[in-house]
Amino acid sequence: MTGAPLYEEVPLRAGDGRVRLLMLQPGRGNEQITCRLFAASIGKRPYSTLSYVWGDMKITKLIQVNAHSIPVTINLEAALRYIRQLDKPVDIWVDAVCINQGDNQERGRQVAMMGQIYAQCCKCYIWLGCPELDYPNEDERITEDPFKFFRHFADDHHFSELPDMGGNSKVALVRVPQAELNPIWRGFFTIASSAWWTRMWTVQEAILPPDCVIMYASWRTDWALLDTAYDNWIAHTLRCCYQPYKDYFPAEWDVIRRLFWDTAVEMVEYRQTFSDPKWRDWLNLTRDFGSRKATNPRDHVYGLLGLANKDYAAKIVPDYAADVID
1 MTGAPLYEEV
11 PLRAGDGRVR
21 LLMLQPGRGN
31 EQITCRLFAA
41 SIGKRPYSTL
51 SYVWGDMKIT
61 KLIQVNAHSI
71 PVTINLEAAL
81 RYIRQLDKPV
91 DIWVDAVCIN
101 QGDNQERGRQ
111 VAMMGQIYAQ
121 CCKCYIWLGC
131 PELDYPNEDE
141 RITEDPFKFF
151 RHFADDHHFS
161 ELPDMGGNSK
171 VALVRVPQAE
181 LNPIWRGFFT
191 IASSAWWTRM
201 WTVQEAILPP
211 DCVIMYASWR
221 TDWALLDTAY
231 DNWIAHTLRC
241 CYQPYKDYFP
251 AEWDVIRRLF
261 WDTAVEMVEY
271 RQTFSDPKWR
281 DWLNLTRDFG
291 SRKATNPRDH
301 VYGLLGLANK
311 DYAAKIVPDY
321 AADVID
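The letter at position 43 of the sequence shown is residue 43 when you use the working numbering, and the numbering goes up by one with no holes.
Calculated from the structure, these hints are not laboratory results.
Being a predicted model, the structure only gives us computed values, none of them experimental.
Glycine included, C-beta positions come from ideal geometry on N, C-alpha and C.
Please note that the accuracy of each hint is not assured.
[What the hints assert, rightly or not] DSBU-like, lysine-lysine: derived pairs with alpha carbons at most 30 Å apart:
1. K123 <-> K44
2. K310 <-> K278
3. K293 <-> K123
4. K293 <-> K148
5. K58 <-> K293
6. K61 <-> K293
7. K123 <-> K315
8. K123 <-> K61
9. K315 <-> K44
10. K315 <-> K293
11. K278 <-> K315
12. K148 <-> K278
13. K310 <-> K44
14. K123 <-> K246
15. K310 <-> K246
16. K278 <-> K293
17. K123 <-> K88
18. K123 <-> K148
19. K61 <-> K88
20. K293 <-> K310
21. K148 <-> K315
[Said to hold, decoys possible] Restraint ranges, calculated between C-beta atoms of paired labels, are given here:
22. P26 <-> A322: 21 to 31 Å
23. T143 <-> N296: 32 to 42 Å
24. P210 <-> N309: 14 to 24 Å
25. E269 <-> Y312: 33 to 43 Å
26. G290 <-> D319: 17 to 27 Å
Between the sequences and the hints, there should be enough to build the whole structure, so can you do that?
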């Protein structure tokens, strides 16, 4: 993301406690994304945040920001397209545009504030993707709510009530082409396969906000549904109906566990219990999230600072010019 003149028009001074926000202008369909970039003090104006995976930096689309044409990754452009409203602007913080990524000093200062930025937003949009980017072949794209699997368990239904899991069914989900699967399973594999669940930065972006809206294209659900689905999943695992289906479809359950719960469970549990100071312990944080992916190796540290206790976090000043070994 480049645009030095843009950031000169909307400067941030060291120590002023301000951030840049995007005012995402109304629009529809394929109309170009248009925004106004402005500076604001955190807590002085309601705003949302975006949590997403940048994607391939070499594949971009142009958006208009303060009359400047700014290249952003196609995943970010798609997220903004689905978030924008038809009739009113949306104030939102987006790291790739609101931080001058070409200025390491500013970048370090703003990264140090990211815990505060996400904790004080009104809500965070968690962007998992959209069919047109995930499935180049239009015939393979999902056309139904991809969150049905999670709604199934949030409504406290049994494993045996899932499609292809009852009676004498022997459908091998892991070996059936995805286009031939029941929509509830296609939706699950689509959501579970999103790179968002594996990234370092998305951890604090999901845990700190007061409210999270999970999005796949125009389909949405809130984080509370994921909480309930997880709690009920565990209850069924321990109580009533899991074991026969685990024995009958071991490969399927291994895929479900490995693709989703193994990567999502820590965020679900941290978000439920984060008021407990033990969750802010640096050793606990690095144990639970240290294996996640980050493009810049420095972000294996910086990406968790917003979750760490204040005394520890204060000892680390993000510096993207420093040697990685330091």
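Violations among the numbered hints, reported as their numbers in ascending order: 12, 14, 15, 21, 22 and 25
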